[in-house]
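Just so you know, the sequences run in chain order A and B. Its first residue numbered 442, the first sequence is counted upward by one per residue in this note's numbering. Its first residue numbered -3, the second sequence is counted upward by one per residue in this note's numbering.
No lab work stands behind these hints, which were simulated from the structure alone. Values in this document were obtained by computation on a predicted structure and should not be read as measured data. Some clues are possibly wrong.
[What the hints assert, rightly or not] Quick list of in silico lysine-lysine cross-link-like pairs, PhoX-like style, CA-CA up to 25 angstroms: (1) A:LYS460 to A:LYS445; (2) B:LYS127 to B:LYS94; (3) A:LYS460 to B:LYS94; (4) B:LYS127 to B:LYS143; (5) B:LYS94 to B:LYS143; (6) A:LYS445 to B:LYS127; (7) A:LYS445 to B:LYS143; (8) A:LYS445 to B:LYS94.
[What the hints assert, rightly or not] Between beta-carbon pairs, the in silico distance windows are: (9) B:THR40 to A:SER604: 26 to 34 angstroms; (10) B:VAL12 to A:VAL558: 44 to 52 angstroms; (11) A:VAL576 to B:ALA82: 51 to 59 angstroms; (12) A:GLY531 to B:LEU61: 56 to 64 angstroms; (13) A:ALA548 to B:VAL0: 24 to 32 angstroms.
[Stated by the list, open to error] Residues on chain B that point at chain A, a partial pick, calculated with CB under 8 angstroms: (14) ILE31; (15) SER84; (16) PRO86; (17) VAL88; (18) ILE130.
Positions of the beta carbon are idealized from the N, C-alpha and C atoms, including for glycine.
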Amino acid sequence: MSRKHPDLDIDEDPTFQEKEWFVQRIGMWVLFLFVLCAAFGLTGMGGPLSAARAGRPEEPVFVEYERFVRYGASSTLTVHLRAGGRAPHGVVRFWVSGPYAATVHVASIDPPPQSVVVEGNRQVYSFETSASAIVVTLVMEALRVGTASGEVGLVDGPSVAFSQLVLF
Amino acid sequence: MYSVVRTVTVYLFVLVVFRIGGKRSLSQITTFDFILLLIIGEATQQALLGNDVSFVNAAVVISTLVMLEAGFTWLECRFPAFSRVAGSLPVVVVEHGKLVEAAARREGVTLSEILTEGRERYGLERLDQFKYAILERHGGISVVPEKEAR
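All chains should be modelled from the sequences, with the hints used to inform the complete structure.
This is the structure we're talking about:
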């Protein structure tokens, strides 16, 4: 019963109400910060803080990826390859580390590889090309929540490592 | 298992967001509220079901939601403090013909809305004909007219 309004039988509690308004104000700020973080990419699906690179554009292997991805949602991994003298017979081969490949589902690869072979602890993708440099885009879906560390490299060449956070 | 975890997480998230939004956040269906309701409903549905449109998944989600609702009702009956935290308390926004400005501002209730409620339900013409206006837990406004205005 109301203590503030004796003639009104309602469950009123000014002390609790003050606390509720205080918590609601804090909650609104939390929501605002959450939206701000999302706008900058901290919750995945693009954004300046999510876009990341491993390696440098002038190096043989250079990867563009997203630091923050979402469980079950699509994200892209763009692999830039400069095979140079490492492309015998016009074939460029690069590998993705096995443990990383196990945590993602590769939905599509553009351009389509000539072959995909499991060699030891790696998945090796081969592309027939006359160009010295190619760009391969992998569209992937994360299958596990948590951190996912990956490595991508040219067969018999250098590699780059990267790490992603998969959000629920 | 993921369906149950997702459902519980989405339910609690939506509950917390609407508690933060305040009692008035979806109490009336204005054009804006209607759009908001549609979008939130669609986003929630996708978050709950994901890509799995099987009957089993829908059954798991529905059952989990009903169990959550039943659990919350039981907790509200058993623990009054939980009821306050989960569902808030009514707030007096007009007292003997005067707007309680601090409460109305914090709850996002305008004088115009209160007067509308008085006009619609009791044909009240002026604020001084209000004994009390109370913002209820569900976000609606209930009006107690002064005796001479009844």
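Looking back at the hints listed earlier, which ones does the structure fail to meet?
Number 14 only.
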